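Each chain sits in its own coordinate frame; assemble them with the hints.
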Amino acid sequence: MSSYTELSRRGFVTASTKFLTAGSLGNLLFSFPQAVASNNSPSDYKALICVNLLGGNDNHNTLIPFEGCQYQAYRRARPNLAIDQSELKSTLLRSRRSAVEGCASVQYALHPQLRFLSDLYNKGDMAILPNVGPLRRPTTVDDFLRRTHIPTQLFSHSDQTAEWLAASSSGIGWGRKLSETDSGSSAIHPIAAINLFGFSNWLQGGGGVQFLVDPRGPRIPRAIESGVYGSREARDLMSEFLHTNDGSDYSVAYSGVVETSLALNGSLRQQLSQLDPAESSAETANRLARQLLMAVDLMRIGKKLGLQRQVFFLALPGFDTHSNLRDRHDRLMATLDAAIMRFVDAAKRHEMEEQFTMFTVSEFGRAARGNSSGSDHGWGGCAFVVGRAVNGGQFYGGPPVSSDDSMYALDGGRLIPTLSVEQLIVPMARWFGLREHDILEIVPRIRVFPEIQTSLYKA
Amino acid sequence: MELSEASAFLHRATFGPTRSTVESLCSQGVDSWLTSQSRLNAGTSHVRWLLDNGYSSKRYVTDRTAYSDSIWSKWLFCDAQLRCRVAYALSQIIVVSVSGLTSSWPSFLIAHYFDVLESHAFGNYRKLLSEVANTPAMSIFLSFRGSRVRKSEADPQPDENFSRELMQLFTIGTRHLGPGNTMRGIDERKSDTYTQSDVKELARVFTGWQLNHDGTNYPETPLATYSSLVANEKFHDSRRKIVLGTEIPAGQSAQRDREDAMDILYAHPNVARFVSRRLIQNLVSSDPSEAYVERVSVVFDRERESSTQLFHVVVAVLTDEEVVDLNGAARKIREPILKFSSWARAFCEVASENPGIGNTSDPAFRLGQMPGNAPTVFGFYSPDNRLPDKGKGGRLGRFSPEFGLVNSTTTVGYLDFMYRVVRNGIGDIRPDYALLPGYDDKSPEIVDYLSLFMVAGRLSKVRVRKLKSLLARHSRLGDKQYRRGVQMVVYLICCSPEYQIQS
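Note that the protein sequences, when read in sequence, are chains A and B. Under our numbering, residues 256 to 714 are what the first sequence spells out, in order. Under our numbering, residues 1292 to 1794 are what the second sequence spells out, in order.
Bound conformation, chain B alone (with noise of 0.2 angstroms):
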């Protein structure tokens, strides 16, 4: 395997190449290096983090940044990578923010929520939908927690929040997909997935559950938060539902509901598709073929039932055959994240316990995202985002997600935080581009490797010669002047065409 298509691999398959994951790949080859990644679990928990960093002291009750430490120490600089680079792109498809988690300790809840992702990552779908409901910190994000059982005209009706968007965000969505066809058009009168009816249903079936308190005076202490919730079976809804046209009898528990209507929702056409297509747009490309989602709709298919299901999955999204065909061509926009863990990961190789990067959702003065603060539940950018239409009233442009977060702040604010952190780091991220081959020599193949790393070897000749030229006058001028040179190298890459783009 080439040097530069480990590279590109390893920007689609983790948080960015690194000189051992770049040379372990090219040894091993892709199908052994994603075995091996198979058999990694997620080590320690965020919670755990947060307890051992203290942050279940009373004087963090309200604090929603210190996960955030937690996450970054562990995507930066685990071996782990494709099982977190997968609950990241999890966390994109079943959404939780910290910004809309409104009770005490919300770093605890999103910890909790992200262990349950990274647990998942390479399960079973259907599983991880109900681990995820079994969330507080889902509870509350979509305010089903609390939620109680009608009785009389004069309750309160369940609440409808939840019900709604695990149909429309998490599993099913709003349009019928249709084989050979990702998006079918039907006669409007038929396209509804899903009806207010079904939401109604469906919130009943989400009522009863509440926090566990274990004992416990919440919100004294976190345990609550990340402990699975429990039902109440007072206050659930036990009577007859019909969700999606299917039966659940009446009498049944809080939780043999959840799973019944669970098992509703996964026997969707739609759920296979569905996934396939927002895996595919967030590892690999922005606008897949519908061919491309049809081959791995039906490995998620076949593996419905399997515990390794989204391994399977996985593995079929990052070694398809249109892949393979169009090594090298742009594929999507990268995400601000992954611009600075790319960077991070190849410049800074002492991992650190305690990042202190702090919250970069700023999008005029840091990366304008931050891992679990997506301004809604339709996380950061619409998967239905396209480029500009091909001029005026030609075709629609390709399809784009992340150029939902490219505008006149966001290009400019990127160019500012990079500027900083490529010279000084961030929090406890240092650089060192010191151990970079060939700077003791202060060889201008140095570039090239930059080019390898950062760009998986696309840099334009043009641009890898004017780099050379510029590194050339300052390595005349003394070691100094030399390391200057190479963090202006090391910028400028981050500003070129390139950079923005992942192959």
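Only chain A is shown next, with the shape it has when bound in the complex (with noise of 0.2 angstroms):
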């Protein structure tokens, strides 16, 4: 089966080589010719949604201990970037206590800025991953002094980006494989796979170009819409030069990417107008929020095309707080929640409550003990799991470390995971429809990681 591109371009261009307006785009989404035959059921539709917080979130004053030894030696770490016992009532996670080594078991809060989303917990619609990350086997502070089996390039950003995003399939993004498995073919349909932000490692892969929708919503030149300072002429003259390339590689991919968003942005925004009302077209200067509602409104536009499985990517930068911590990283999680709000809500109200999963991802957690104002890169960090199908209210894949711990804390309280990213991938994969021999191929070293005893899912 040809790439997404060789498909895109060929459908395309055939099909409509005056395709100048908007109007003449409608039924392009239709018309796409469509993979082979899914895996999954029909009426089964499912969405897999990545919030990659950029940067590296800081762990430690994300998921916080609330009381007893746990929250003085969280104090005494950190006694700059602490924060306070009495703000952290309002996000008091119930009815888990985990036992610490030497410590009595005691309660978690979450930042006090995320109400929202210690709710959710609460009701039993978010799982907690207290401390995952990229490893290559169970991993301990021996094995890290020995430097055996440890990920390459821990704390850069770039390289453990691509140890979350491409997880162990040699380059190509989970999330791309994701969308490929379901249809059957390196070939997806244009809206399988959408990111909503900027290049990720998530989506790429094989001989795709990742769609990109802006969240303002997608839109076609002007000069193609309404004429050349006021020439169809040069309008169509325009049209012509933009599907075609000189013949360098360097063009042929420039100009591929010109023909196929010039196609679908006009069926898109076809689309997204026929919505009634569209949630993308809410104001909002919440850069998350924005991302979210558009892909609401793309999670509708893809049930209506029949689509049974899409993925998209959304991030939210800033989270590098190796400085001013307390007052970048409180504003970051006010937006987190305000964001994640807006989008259950109007999930809610779309009747698609049951159909998502929305997962966190950021490439490491921090140290623990801070610098002057803020704190430097770790390993291990916290993960949210959030939708109606996700058995809620549970710290998955165990409890938290404590930033002393005598197995899995580094020097300056860097927490080395206890759970690993294809421990995470796999339960979801699960969920959104894959057989496990197709799961194993994409992340073939969950062999070596122990299966957890409870389930991500809801039975």
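Derived from the structure by calculation, the hints contain no laboratory data. All figures in this text were calculated on a predicted structure; none of them were measured in a lab. One thing to keep in mind: the hints can contain errors.
Pair ranges (Cβ atoms, derived) [stated by the list, open to error]:
(1) B:ASP1675 to A:GLN529: 34 to 42 angstroms
(2) A:SER710 to B:VAL1521: 56 to 64 angstroms
(3) B:THR1486 to A:ARG690: 36 to 44 angstroms
(4) B:LYS1681 to A:VAL703: 30 to 38 angstroms
Below, computed lysine to any residue pairings styled on SDA-like, alpha-carbon distance capped at 20 angstroms [unchecked claim]:
(5) B:LYS1757 to A:TYR484
(6) B:LYS1752 to B:LEU1762
(7) B:LYS1442 to A:ARG330
To give an idea of the interface, some chain B residues facing chain A are shown, with a C-beta separation under 8 angstroms as derived from the structure [unchecked claim]:
(8) THR1393
(9) GLN1459
(10) LEU1761
The beta carbon of each residue, even a glycine, is placed where N, CA and C say it ideally should be.
Here it is, written out as structure tokens:
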């Protein structure tokens, strides 16, 4: 089966060489050749939403021990960064107490700005992964000191981002792999995998190019719509120029993106204009909410087109808090919480609450011990998995690890993950409908990790 | 030298060819042109521009756009094109972004940083590293400002941000680079060029640095943002350190420690190839052969103590046999800033002190790129980006860093931005197409001229013919229509496949 870009170019260009106006593209998304029959049962729509917190989210100020010697250890590690106990009361996580070595078991809380998320957790619609990250196999401090079987370039943004989002699939993002496996080939429907932020390893791979949708709405060039300085003849020439290349690899790649973009943007714009109302037309200064609301609309369109599976990549930058942590991180937490609240609310209104899993990813956590006003790169961090189908209200994959733990805490209170990225991918892939055989191909390394006793999803 | 060769050369070595630069290059030849460029200094500093234009008024304490007026004003119109072009290239290796300057007077901070890059664009890379480490901009962007020695368990640890990125992004990189082999494949365990321990030790080196308020009350005035940093030895960790296996002895000042640390990094065998490859990618070719990188690295290393090192390196980059051999072949995707600057320099002859272009970062409505405003310390794109793979299971696509900026938002945004700009200009940057040769006669040869300037003569015969026909039809309809016809042709070339590529 030819790659996505070839298929799209052939399909679009031959089908509509004069596709200049949005109107004529109205049916394009419907007419795109569907890939071979999906593995999944019909009318079983599911969406997977990846929210990348860019920069390395400070886990120690995100999931916080509320009391006891754990809280004291937290305070001791970062006296100038620690959040006061009094501020944690409204984000207490109910009914989970975790025993940690040498300490009575304690309750945990989320960052004070994560009110909605802590409510979700308490309602059972969100699971927390307290200490997850890239691993080659279960690893302890001793393993680290001997430098055996640990990922290379720990603490490097770009490398750890690739570790998280390409996992063990040789440079191909597992978001892309999940889409391809569902469609049965490397050709996927144009809006089966959408990037709402900007280039990401998660959707990278094969011969395809990631399809980016601007959360403010896809556009087609003004000159294509209304002529070049009043001339339709020049406009026709423009269209011709945009659909050719000069034969070089660079030009072929560039014009490939242009052609695909013009076709898809036009179709999508028309589809969005038919939504009543379009969630994405809401005004918001929250950059994550804007992406999430567009995701809701794209999910609605996807369902309308008969798609059964979609994956979305979104991101919120700013988490590399080496300095001014309290100020910056607090604001980011508020942004995250507000955005997810809007998304869940919109999903509910469109009866898609049961049909999505949203998970957060960050390239690493941070060191518990701070520098003068912030914290430096760590390794294990916390993640959230949100959705009605999720078996929420639990710490998935084990209890939180203290920053002075003898087995898993490195110098400065950097945590070695006690759950691997693969152990998160597998249950989500199963929920997404992939067969075990296909899952093992995408994440072969799962074999070296133990099965988690509790399920990430409700029965 | 052919006019088209000259034009192509100027697309690599400047912000775009102009009539006078094409003429002078053709008459002098490359070597002489390069030598005369080497004699041109950086001119008025960007900090001075801000001061002269009233930006030290308290009203502008949070302004983060004004500096770009100074940048555009100089880079679009000055004679020292090569120096500025190299400074721009360096700014994409040793990155500071105004978006990460959260303190007062961000425009001054980054203006000063660009002044340093421009001053040292033809100088010595080792010296440049020290100078950059001395800028308030870098100390804030990579947060080592105020980082202090850790004396007890209760103290916070030194900030590791700068020390890590200094090694990962500015000097050594994360992979061993071997001779005749730009990326070495090495057993995972041995592949670390530096370790977390090195990052920590280096973080201790960069302790004690502060902004030099020099009696002024920062942030009341911006003076501290463009003065060299000062070291408060009380906060400097002067204990013994080991970086990359080399000892930095105890008892030294912050400055001495910094110089020793930079010497250690600079001595790493990776540096020449690391920097050379980036410069080649930025100026000439996204996917250079290993031999090309090697030839340039040899020059880098040969000149490593020289105060004109980078000039020699840049000459090697621009005049390498690989450049000459493949003249006319596509070598990289043009970045948006250069697509805009090429247009501006070709058609806007009147220099502007105050371009008023504004923030061009928006990908849907502007260029998706703005000098000094990359999204992160990794710059606008990764040097490791590739074009899509060839077919299913086929070979990897060629390296193409700029391809990271090519998507369904930016490709449309660029077309819309240039649509407005080609007709109306932007800010104070106004085109005057009437100055083009052949305009007065309404000669169709104007299309050849446009092809020469905009794409070094590479516009395909078919496209040239169609544009000439289009223009001819408009010529017959009178002056006003002809003028519009010329604008159409210019815009259509901006849409052409050739314009998206640099040869």
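Cross-check of the supplied hints:
As the Cβ distance of B:ASP1675 to A:GLN529 is approximately 41 angstroms, the hint placing it in 34 to 42 angstroms holds. The hint said 56 to 64 angstroms for the Cβ distance between A:SER710 and B:VAL1521, and at roughly 59 angstroms that hint holds. Distance hint check: the CB atoms of B:THR1486 and A:ARG690 are about 41 angstroms apart, consistent with the given range 36 to 44 angstroms. Separation of B:LYS1681 from A:VAL703 is about 33 angstroms and conforms to the stated range, judged on CB atoms against 30 to 38 angstroms.
Between B:LYS1757 and A:TYR484 the alpha-carbon distance is near 17 angstroms, which keeps this suggested pair within the 20 angstroms criterion. Distance hint between B:LYS1752 and B:LEU1762 is fulfilled; the C-alpha atoms sit about 15 angstroms from each other, no more than 20 angstroms. Of the supplied pair hints, the one linking B:LYS1442 and A:ARG330 holds, its CA atoms being roughly 19 angstroms apart against a limit of 20 angstroms. Checking B:THR1393 against chain A by beta carbon gives a least distance of about 7 angstroms; that is within 8 angstroms, so the hint holds.
Evaluation of the B:GLN1459 hint against chain A yields a held restraint, the C-beta minimum of about 6 angstroms falling below 8 angstroms. Residue-level restraint check for B:LEU1761 holds (minimum Cβ-Cβ distance to chain A is 6 angstroms; threshold 8 angstroms).
Going through the hint list in order, the structure satisfies each hint without exception.
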